[in-house]
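Below, each chain spelled out in residue letters.
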Amino acid sequence: MAWGDDEEHRFGGDEEEEELDENDYKTQKDAVLFAIDVSSSMLQPPPSSDNRKSDKDSAVAAALKCAYQFMQQRIIAQPKDMMGILLFGTEKSKFRDETGGRSGSGYPHCYLFTELDIPAAEDVKKLQELVEEGEDVDEVLVPSKEPALMSNVLFCANQIFTTNAANFGSRRLFIITDNENPHGNDKQAKSSAAVRAKDLYDLGVTIELFPVSRANKAFDLSKFYDDIIYRSPAEESDTSEGVKASRSGDGLTLLSSLISNINSKQAPKRSYFSKMPFELAPGLTITVKGYMPLHQQKPARTCYVWLGGEQAQLAQSETVKVDSEARTVEKSEIKKAYKFGGEYIYFTPEEAKSLKELDSKVLRIIGFKPLANIPMWASVKKSTFIFPSEEGYVGSTRVFSALWQKLLVSNKVGIAWFVARKNANPAMVAIIPSGSLNDEDEDSTVPYLPVGLWLYPLPFADDIRNVDIKAPPKPADELTDQMREIIQNLQLPKATYNPLKYPNPALQWHYKILQAMALDEDVPDEMADLTVPKYKQIDKRVGGYLAEWKQELAEKAKEFMELRATKRELEQQDMELVERPRPAKRQKAAPGSTAGSRSSGGQMSNAELKAALENDTLKKLTVAVLKDVLTSKGISTTGKKADLLERLEAWIEEHA
Amino acid sequence: MADKEATVYVVDFGESMADCHNGRVESDLDFGMRYVWDKISTTVAASRKTWTIGFVGLNTNETDNDLANGGELEGYDNISVLQPIGPMSMTELRELRSKVQPSRSYGADPVSAVVVALTMIEQYTKKLKYKRRIILVTNGESKIDDEELDAIAERLNESKVELVVIGIDFDDPEYGFKEEDKSTNKKNNEEALQLLVDKCTDGVFGTMQQAVEELSIPRIKPVRPFKAYDGPLTLGDPSKYESAISIHVERYFKTKRAPPPSASTVVVSNGVGQSQAFKDEDVDMGGTGFSGVKQMRTYRVNDPDAPGGKRDVDFEELAKGYQYGRTVVPFGESDMSITKYETKKSFTIIGFIPYDSYNPFINMGETGLIVPQKMNEEAELGLSALIHALHEVESYAVARYVQKDGAQVQILLLKPNPGLEDDFECLYDVPLPFAEDVRSYQFPPLDKVLTVSGNVLKEHRLLPNDELKDAMSDFVDAMDLSHYEVDEDGKPLDYAPVDEVYNPIIHRMNQAIRARAIDPDSPIGPPAEILLKYSKPPKKLLDKAKHEIGNLIDAAELKKVPEKAKGRFGKKDAVKPLSGLDIDSLLGGQPKRAAISSENAIPEFKQMLNAAEDDETIEKAVKQMGDIIRKLIKDSFADVFYSRAAENLSVMREGLLGYEMPMLYNKYLKALKKSLLSGELDGDRREMWYKHIVGDGLGLITKEELDVSDVTEEEAKQFAK
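Chains A and E, in that order, give the protein sequences.
For the first sequence, the positions run 1 to 656 when the UniProt record's numbering is used.
For the second sequence, the positions run 1 to 721 when the UniProt record's numbering is used.
It should be emphasised that the hints constitute simulated quantities derived from the structure, not laboratory data.
Incorrect hints may appear among the rest.
The calculated label-pair distances, taken between Cβ atoms and stated as ranges, are [to be verified]:
# : chain 1 : residue 1 : chain 2 : residue 2 : range
1 : E       : Gly176    : A       : Pro447    : 55 to 63 Å
2 : E       : Lys344    : A       : Lys540    : 23 to 31 Å
3 : A       : Thr638    : E       : Asp145    : 45 to 53 Å
4 : E       : His21     : A       : Gln572    : 54 to 62 Å
5 : E       : Pro492    : A       : Leu563    : 53 to 61 Å
The C-beta atom is built at its ideal place from N, Cα and C for all residues, glycine as well.
Assemble the whole structure, with the sequences as input and the hints as a guide.
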């Protein structure tokens, strides 16, 4: 695949010991089943309004739109995860019709609209038709006369998870309903539902409720759902993230409110590490969990497809290790060795282990510094989020909170030694707080990221590249003043960078094309790329300033150039004085070439190169000088002199 | 471009080098060779053909050098070229190792040996571009003829050779070493060598103590600056708007993660040897040693008619494609690029944000630096103005960056560095996340507690009280690293600055690999102290903050959670829904679930186990679950029920671990394995065993895992095969 200029990251032919646990962490698969209540109140369209921004969707339509968006996002971001849609309270009933499964009558008024699975193109299409075109050909969105039994709905979900998502690390049931009390005073029905809910809990299914509240009436959980919902085992404390009701109003449509609530649960909350001992000082350790709210999303890799059957089928690949004589190698024979001077240096497994084990799993503070002491260029890798947990030490949360508050108040960071797991490579991190202490300041600078502490990896001395160039500072002048105006007039919306406004065009395009091809639609030939600056706006807002600035720059540059030329002339005169007694031999290095008279080709200016190209004197440069020039331009220096010349000429024509 | 290097080591082998001096337990030769081997092995590790090494022995028993061999010159006795200049690999290293031993000879002139080395370099490098160096290691007991030092120095300078003299027990006032009982002979020789070095344009004179001590300071592999981008940085679109500005810039990497040395997968090839370093197969197998392992891929597809439901297909039968959900979309080779977003090389500013709206933890990776194109006045002044203006209004620029045509779009944050402190005016850039890179996770607030009923609490056991807050504040201030040390001028010294902290794994591995290459039989030493220096708070700081730490510990009132008490029977804390409703009593009220059903096996098994009051119930539950698992496997078409069976098995395993009844599980698993491998469960069920049971870690419960088990780790390993 051609996705990368990341060859430097890519590993050679050798198998690498990568950072395994980040991958382990991804293999924990997630299955989400939407259970959408199809009652007459859920189907009721909103009161008509002239306001363009008002609600147009019934609750069911909004829920289905959410599910549709969820499905598309899932294909991009979590291609191995499953989802399904179960409608309940429907006149029609449908479960799976495969043999061995229960017949439809087993779960009356439950309609399995999308089987729980990794979504296929057909699933997307079917849902798209229902959502976008309102094509309800099977008339599934017809409410039943009597409501569905919740115990039935829950057991139906249980069966779907049991069979389709066996051994999944995360299984979640999203219930979307506006009915706070589906069974009134029917105690029997309520207890049956509670028992089925406990079954789901024992099966490891988390129920997430997305209540839709009507006419500003609060959704009362105590009527029914408090018996159904369990605190997720991950939350050991009394704190609750709370169940947020979706509603329309406050300038928000029901749809956007629902989407924001559901989106916040899009990714299952998987911890990257847990029970991490966080040593604030000798004798003072608390426990934290780690998460990765930031992760670079890349397009899926290509796969191999077998076209010999009726349907295109993914070929599963298996790798076998073979030695130089193509003999299959058993796992027990495999050893790890290091290439060194053309040979392999071998350590026994015990030695290799002891070499890597510099410390056990720990996050240990070695002190604190002002945030400003971290150089602005000190960045190498994304950060990890940590949050306290009481699993190892009771009281961890309050100590963590005190530290978080102090760091925010004093604008300080912790400096810590960090080993993410046994045998992991140690790292130095800065511990940086997010969020704000001010209650009113609801929209903090990073509303899309959680509030807590971040482990910000610091580069090691080994990671710093020395750039052997000079860039002496120049004094600020009128150009600076004009530029200030430009900057202040071109602030991003809300004076912040909000990543959610900038989808990755490469990913979007990849999946857009793929979706069109999978669904047999026309392949689009254009797409809005939100990362492209709003050029028109720029011209409108600061066009005048820019034009002035350009003119000023041209003048200043001319002065500067002349100044330089004079200076150079003077220098050259000095040089000639010194150089006169030198033996003629010296000048033989590059006869007749102005370019060659400089000792290092890297110093040749573009103008000089251009002149050399025009005068056809480039080829008189020695290979060493050529290589210097090419290196300074970041161009490859491999090959024969002719290759080097060709590359340099191409570069000059393009750049100089 | 790798710079070419020619280095000749001149090492004194004289008989006095075999003695131990100044309280050392190793001989002078071993002491000096520590330095030399480290240097040579670093060169070997680099595996560069253009980094060449020669080796000259001083005071060897024999005489073997061109100058003496000619027979015309005097004063070149007992000097031997042990290795002519050339590339250095493990073969040469081993050969050289066998030659390094003290001799019975003495009195050869070190300066003559330098001349031998110089001649070797002159002959080898001719007039080509080389970095030339002679490194002389001696204890200075060998008499020096100091008459021609001037001429020799001149020749060294003329040939552009650097002379490094590292003397054993040489005095070095700067480093702070002085040998008290120095002989006059040694004193004179030291002075002569110092004089020679002083006459050289490029010379280093040092004592071995310092050289050896510095070996543990990690050396960083220099990497050439890489220019990632050379082109315009624009504001506005110059192709459409006349107002748009364009500054010609160059972008280099500022940080790039250095990877630790990576291990290769190898096998011991035929005719096993005992020694631990062998030839790479690519070079020469030599019939013994390790050889590299290659990966071979085979492809399989589902086929209902094939045995086991799958069959192999040839690679040639396959097309490339992408997955859209579980739908595969095949592409012809020519269509592959259609999903690739077309981009043009560009670097353009989207807008600006104030400093305080940015948080460093949203950085996605490595830093770049941006400078104006060289000798381009407009670019120099233009970029400078942008940098100063950003700095003055405390803003960053956000830009869209495409490194070259077809490369992926990146969003970069550009930070101004007006070079006020470091004299380096540039923009630094870091990558920012896209919408898809952000996962929304919800966490409860840290400064208040929201109860289930919706109340907001400001005082709670999960929140710090004022005492704890104050103690934390004092502690953080006391543990400040930025000014607890001061330099000579009283200016605060930043502790652990980025450029002084070395990656411990890289240098630990490199040191160990080099040590093993030089001496395959020695055990691995402990890691160098400097590598672990920053793994703990500095002791001085801890002593200073002792009081604050004590206060914080008192205010925190932490309690360690005891290891899980594994109660066997008796009611465990019942799990309850938000309402606190006791579901178990509801269950009790219902007709008792007599037998575990296959369709709801996991909840029913757990509930049965939870309610169990005797071993019999547990055995019953395990028996029922066991039958369900076997039936699932037996009924499974190919692997369709395997994961379900495996999940049931893992629940059984966990349950029995909890009840400390490992024997029950192990017994069941042994029987199950037999059935799986014998074909008793309707067909070939090996995949169930290897992939799902062994692969998912559902093997025997060992003694390590649970004390009461009688299965050892080794037995469990054997059993998993």
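Could one say that the CB atoms of Gly176(E) and Pro447(A) fall in the range 55 to 63 Å? holds (58 Å)
Using the Cβ atoms, figure out if Pro492(E) sits within 53 to 61 Å of Leu563(A). violated (40 Å)
Would you say the C-beta atoms of Lys344(E) and Lys540(A) sit inside 23 to 31 Å of each other? holds (24 Å)
Taking 54 to 62 Å as the hint, is the beta-carbon distance of His21(E) and Gln572(A) inside that range? holds (58 Å)
When you take the CB atoms of Thr638(A) and Asp145(E), is the distance between them in 45 to 53 Å? Since the Cβ atoms of Thr638(A) and Asp145(E) sit about 48 Å apart, the hinted range of 45 to 53 Å holds.
Going through the hint list in order, the structure does not satisfy hint 5, though it satisfies all others.
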